Amino acid sequence: MSNYAGHAVNKIYRTIATGLATARRAPELQADCRCHFCDEPVAGKLLFCDMDCRDDYQKMESAHRRAGRR
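This note's numbering puts the first residue of the sequence shown at 15, with every later residue one more than the last.
The hints are simulated quantities; they were obtained by calculation from the structure and are not laboratory data. As the structure is a prediction and not an experimental result, all values here were calculated from the model. There could be a bad hint or two in this list.
[Unchecked claim] FRET-style restraints, in silico, Cβ to Cβ:
| no. | residue 1 | residue 2 | range |
| --- | --- | --- | --- |
| 1 | ALA81 | GLY58 | 30 to 38 Å |
| 2 | THR29 | ALA77 | 21 to 29 Å |
| 3 | LEU34 | PRO55 | 33 to 41 Å |
| 4 | ARG38 | HIS78 | 17 to 25 Å |
| 5 | CYS52 | ASN17 | 51 to 59 Å |
| 6 | ARG28 | CYS52 | 34 to 42 Å |
Glycine included, each C-beta is placed from N, C-alpha and C at the ideal position.
Work out the full structure, taking the sequences as your base and the hints as a guide.
Structure, rendered in structure tokens:
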């Protein structure tokens, strides 16, 4: 029985390692004085003009990842 548990633990660790590697390879957004969602001008090093745009962008990116587009 412990052999099955050992295989399960190994699979869990591999799954976690794969997820971490994928997250580390994900490109980070660069500040370019424009909101990354609505393209409005933003001050300084901000990425989004407000929390709503940030949340909408994250929802859109999550949907793209689930659909396999990114």
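Here is how each hint holds up against the structure:
no.: 1; hint: ALA81 - GLY58: 30 to 38 Å; result: holds (33 Å)
no.: 2; hint: THR29 - ALA77: 21 to 29 Å; result: holds (22 Å)
no.: 3; hint: LEU34 - PRO55: 33 to 41 Å; result: holds (35 Å)
no.: 4; hint: ARG38 - HIS78: 17 to 25 Å; result: holds (19 Å)
no.: 5; hint: CYS52 - ASN17: 51 to 59 Å; result: holds (55 Å)
no.: 6; hint: ARG28 - CYS52: 34 to 42 Å; result: holds (40 Å)
Against the hints set out earlier in the document, no violation occurs for any number.
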